[in-house]
Structures are given as structure tokens and as C-alpha cells.
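Going down the list, the protein sequences come from chains A and B. FYI, the numbering for the first sequence is 104 to 327, going by the working numbering. FYI, the numbering for the second sequence is 19 to 263, going by the working numbering.
Because the hints were derived from the structure by calculation, they are not lab data. Take these hints with a grain of salt, some might be off.
Okay, the calculated beta carbon distance ranges per label pair [stated by the list, open to error]:
#1 A:GLU179 <-> B:ARG151: 48 to 54 Å
#2 B:ILE204 <-> A:ARG105: 39 to 45 Å
#3 B:ASN39 <-> A:VAL276: 57 to 63 Å
#4 B:HIS198 <-> A:ARG121: 36 to 42 Å
#5 B:GLU150 <-> A:ARG301: 54 to 60 Å
Computed footprint of chain A on chain B; a stretch qualifies when at least three of its residues, placed anywhere within it, have a C-beta under 8 Å from a C-beta of chain A [as the list claims (entries may be wrong)]:
#6 46-60
#7 121-132
#8 202-216
Here a beta-carbon is modelled for each residue, glycine too, at the ideal position from N, C-alpha and C.
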Amino acid sequence: MRLTVAALLRKELLVELRSLQSVPGMALFSVSTFVVFHFALNRNSIDGDLAAGVLWVTLLFAAMLGVNRLFVADAEEGGLEGFLLAPVDRSAMLLAKSLALLCFLVALELVAVPAFALLLLAPSIGQALPQLLGVLALGDVGVALIGTLVAALAVRTRARDLLGPLLALPLFVPIVIGGARATSPLLALGGAGEPPARWLATLALYDLLFGLIAFALFDFLLED
Amino acid sequence: MAALQVEGPGRPGAAGVAGLNAAVRVEGLARRYGERVALSDVSLTLQKGHTLTVFGPNGAGKSTLLRVLATLLRPHAGTVQVLGCALPREAWAVRGRIGLLGHEPLLYRDLGARENLRLHARLHGVELGRVERLLELLDLHRRATDPLRTLSRGMVQRIAIARTVLHEPELLLLDEPHAHLDPAAIALVQPLIGPSSKRTRVICSHDPAGGLAEADLVLGLRGGRAALSESAGRVGVGEIAELYR
Numbered sequence: 104m105r106l107t108v109a110a111l112l113r114k115e116l117l118v119e120l121r122s123l124q125s126v127p128g129m130a131l132f133s134v135s136t137f138v139v140f141h142f143a144l145n146r147n148s149i150d151g152d153l154a155a156g157v158l159w160v161t162l163l164f165a166a167m168l169g170v171n172r173l174f175v176a177d178a179e180e181g182g183l184e185g186f187l188l189a190p191v192d193r194s195a196m197l198l199a200k201s202l203a204l205l206c207f208l209v210a211l212e213l214v215a216v217p218a219f220a221l222l223l224l225a226p227s228i229g230q231a232l233p234q235l236l237g238v239l240a241l242g243d244v245g246v247a248l249i250g251t252l253v254a255a256l257a258v259r260t261r262a263r264d265l266l267g268p269l270l271a272l273p274l275f276v277p278i279v280i281g282g283a284r285a286t287s288p289l290l291a292l293g294g295a296g297e298p299p300a301r302w303l304a305t306l307a308l309y310d311l312l313f314g315l316i317a318f319a320l321f322d323f324l325l326e327d
Numbered sequence: 019m020a021a022l023q024v025e026g027p028g029r030p031g032a033a034g035v036a037g038l039n040a041a042v043r044v045e046g047l048a049r050r051y052g053e054r055v056a057l058s059d060v061s062l063t064l065q066k067g068h069t070l071t072v073f074g075p076n077g078a079g080k081s082t083l084l085r086v087l088a089t090l091l092r093p094h095a096g097t098v099q100v101l102g103c104a105l106p107r108e109a110w111a112v113r114g115r116i117g118l119l120g121h122e123p124l125l126y127r128d129l130g131a132r133e134n135l136r137l138h139a140r141l142h143g144v145e146l147g148r149v150e151r152l153l154e155l156l157d158l159h160r161r162a163t164d165p166l167r168t169l170s171r172g173m174v175q176r177i178a179i180a181r182t183v184l185h186e187p188e189l190l191l192l193d194e195p196h197a198h199l200d201p202a203a204i205a206l207v208q209p210l211i212g213p214s215s216k217r218t219r220v221i222c223s224h225d226p227a228g229g230l231a232e233a234d235l236v237l238g239l240r241g242g243r244a245a246l247s248e249s250a251g252r253v254g255v256g257e258i259a260e261l262y263r
């Protein structure tokens, strides 16, 4: 199983590296959105709840671009059927895709968080950065699992570009709520506070719940 | 040829004792795509080591039959047994013993031949040395790192054939295997997928003479139904050509 996941993950990263179909688009989208917010809010800087909300909503919409592309190469080029013909555990695909999406999200945040700090954020992010990265990581795990599940469901339908966001966005709402509530004290103007433990626990539980649901359902989603 | 059993819709249960040694056994198979019937009441028995050639016009159900046998599609009616395993219940047991060469190469365009084949080698638990041997055998080693999107259709077809036989499958399911191949390339792939491979084969073909020459058993499909189902020795090219009229 470990070798299969490693082989599939390597393939995912190689295909993205060669085609650059997901991460550059996600990063560009997030930076553009911050610029739009900068002008739409008519404020030079934001902090606290508003800053946390803008950051999480932007990251989730940018993540949707990656989710929509996650199975496209497999479906259009037949790689998914190649995988289905192999005598391997189907969950290996779930793990590899989730890890690949997690890598894409980390790459997105490497661009988006500095851009956010530069374009919109009032307080300095330096002191709160380790905690912010922790909260983002918890949210990323949930987005990666839900995104993979939804992408696998949508990929075999003709309306996959529409179905993906329609299914994913409601499922992402608890992540936005938990992530924004946990991030808000870190982006407060008067100095960074601690992220509330209950929202961190909520994010972790949601990740666990969707991890279990994804493992239970993924096989069925890939079947005819 | 005596061991061959050919079942048409009008000959139910003809598999008999020979069915015990069957690589493929299909009875009353039906498959639909929504309302459209792709296969209806198709029956056949193919012995191990033999070749079944499937003829029929476009949309007759040839590719659907291959995809059902490959475990990619579920039968909607009838029974399907491949290499002793009932589908779809025991599909997990038969995957890895089948090699499917379809219209699509089932490869990634942004990866090279070596990367694609190594991925499949890892999925099938095949040692990586076999990838290099196949690249050499199919004269692909010089372009092995080039992304597939930069290669000709013929070269991609050769890589797809390498993928099909990489794990030494017992049953080959070949949909127009010589498509896009020049005569030299056909000669290269023959030891792997031709009669000398000694594997059980199901081949979809539009070439009556060529397909008949390779066949032990012939199945002609029209509108998803078996219009011709006979031992190859009892069928003429003319009868096969009739299917297309």
C-alpha cells in the first residue's frame, strides 16, 4: 500500500510539474482576489475577524480550482482506468490524491499568505506565523479529504465543473467557520492571541470524520 | 477445435464440460448505457490459450464487451466468468491477470514512456527491469523520456501495448491492437500480443481476413446482439463482411 501511494503521489506531482494546470492558477486567483478585496473594501488594511474571513474564503475558493482539476488528467487520459485494472487497494488513490492536493494547498499558501500580509493585513504576521501555519494545516487536511472525495464523485459526470463546487462548498463551510474563528485572534490588531482550543478541536474532528467517510465511500465512487 | 464451445442466443448451455477449462464464460450478458442497449443476450465460452475475434460495425458493442470482461463495467444481466472468477463479485481476484488494450492508451500524456510504465510496474508489483526490457524490445528506449504528447500515435500505441503485457497477463483483451502501427511496428509487437504469445486473447477487429486468420472462435455483433457465433474454421470472410452491410 505504501509503495502504491508513493508511486501514485509521485505521478501526481510529476504531472502537475509538467503541466502546471493547478497550482499557478490557484496562486494567481488568490492574489487577484486579495487585490479585489483591497479595492472593494476601500480599506488599506484589515485585521481580526474580517482578515480571517477574507483569508479563509479566498483560500477555499482557490482550493476549488485545484479540486476541479484533481481527476481531470486521469479521466481524460484514461489513467484512472489503468489504475482500476491494477490489483491494488483503491484507497491508495484516495491517499495519493489527498496528499497531492495537500501539497498543492501548501504551495498555494506559500504565495497567498505573504501576498495577504502585504496587500491587506494590518498587524505584522511574524509572531503569529507558527500558530497560523498550524491552523492552516488543520484546515488543509479537511479540504484535501473533502476535495478528493467530491472530485472523485464529480469526475464521471458531464457537469463535473459545476457539480464539484456545488458539492464541495457546503462541506467546506465548517472548515471556514472553524478556521476563521481559530485564526481571528492571531490577526488581531492589539497583538496576537491564542487560537481558541475548541475551534482547533472542531477542525481536527471534522478532518477525522471526513477521513473516515472518505475511506468508507471511495471504493464505491470509483466503481462503475 | 473440438474443445471450442460457441454459444449463440439459440444454443443455451452449450458450454458443458468444456466450460470447466474456460478462460471466459459469458451467458446472457446484457449491458445498457441509460436507455440504450449496448449488449443483449450475448453468450460465449472461450477456452484457455485460444483466441476469440469479435467483429461488428461501430457501436455494435465490441468495446463494451471488452470493458465488461476487463471488470471496468458491470453486467446488467447474465453471468460473466473470467479466469474462473465470477464478475463483478470476484473482480478483485481477476484484476492483474488481465491486460486491456483499448482505444485510449490509459497513459498520462505529460509523462514519458518510462515513467508511465514504471508507474504501472509498481501498481502491478512488477520488477522495474521488465520496463527496460520492453522499451528495448519495442524500440522505444531512445524516446523513453519524451512526454507522450510529443510522440506519434504509433509510438503511443506501442507504449500502450507494453503497458498491456507488462505484468504478463493470462488474458489479453485487445481492441484493434494494430491501429496506428506500421508493418515494422506490427512485427515488433507480434511476439507480445500475437498468436505466439500463447495467451488467451479476445480481439476486436475490423479486418475480416486478418482477424479471422488469428481466431479460433468468431463472434459477430450487430446492435449489441450476437449475429454470428461460430468456430473460425466454419466462418468465411464473406459472412463477416455481411455484418457490416
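Now for the hints, and whether the structure bears them out:
As the Cβ distance of GLU179 of chain A to ARG151 of chain B is approximately 30 Å, the hint placing it in 48 to 54 Å is violated. Taking 39 to 45 Å as the suggested C-beta distance range, the pair ILE204 of chain B and ARG105 of chain A conforms, at roughly 40 Å. For the pair ASN39 of chain B and VAL276 of chain A, the supplied restraint of 57 to 63 Å holds, since their beta-carbon distance comes to about 58 Å. Distance hint check for HIS198 of chain B and ARG121 of chain A: the Cβ-Cβ separation is about 23 Å, which falls outside the suggested range of 36 to 42 Å.
Roughly 56 Å separates the CB atoms of GLU150 of chain B and ARG301 of chain A, a value that falls within the hinted 54 to 60 Å. With a cut-off of 8 Å between beta carbons, the segment 46-60 of chain B has 0 residues touching chain A; three or more are needed, and the interface restraint is violated. Against chain A, the segment 121-132 of chain B contributes 8 residues with a C-beta closer than 8 Å to a partner C-beta. That satisfies the three-residue criterion, and the hint holds. Counting residues of the segment 202-216 of chain B whose beta-carbon sits less than 8 Å from any beta-carbon of chain A gives 0, not enough to reach three: the coverage restraint is violated.
Hints 1, 4, 6 and 8 from the list above are not met by this structure, while the remaining hints are.
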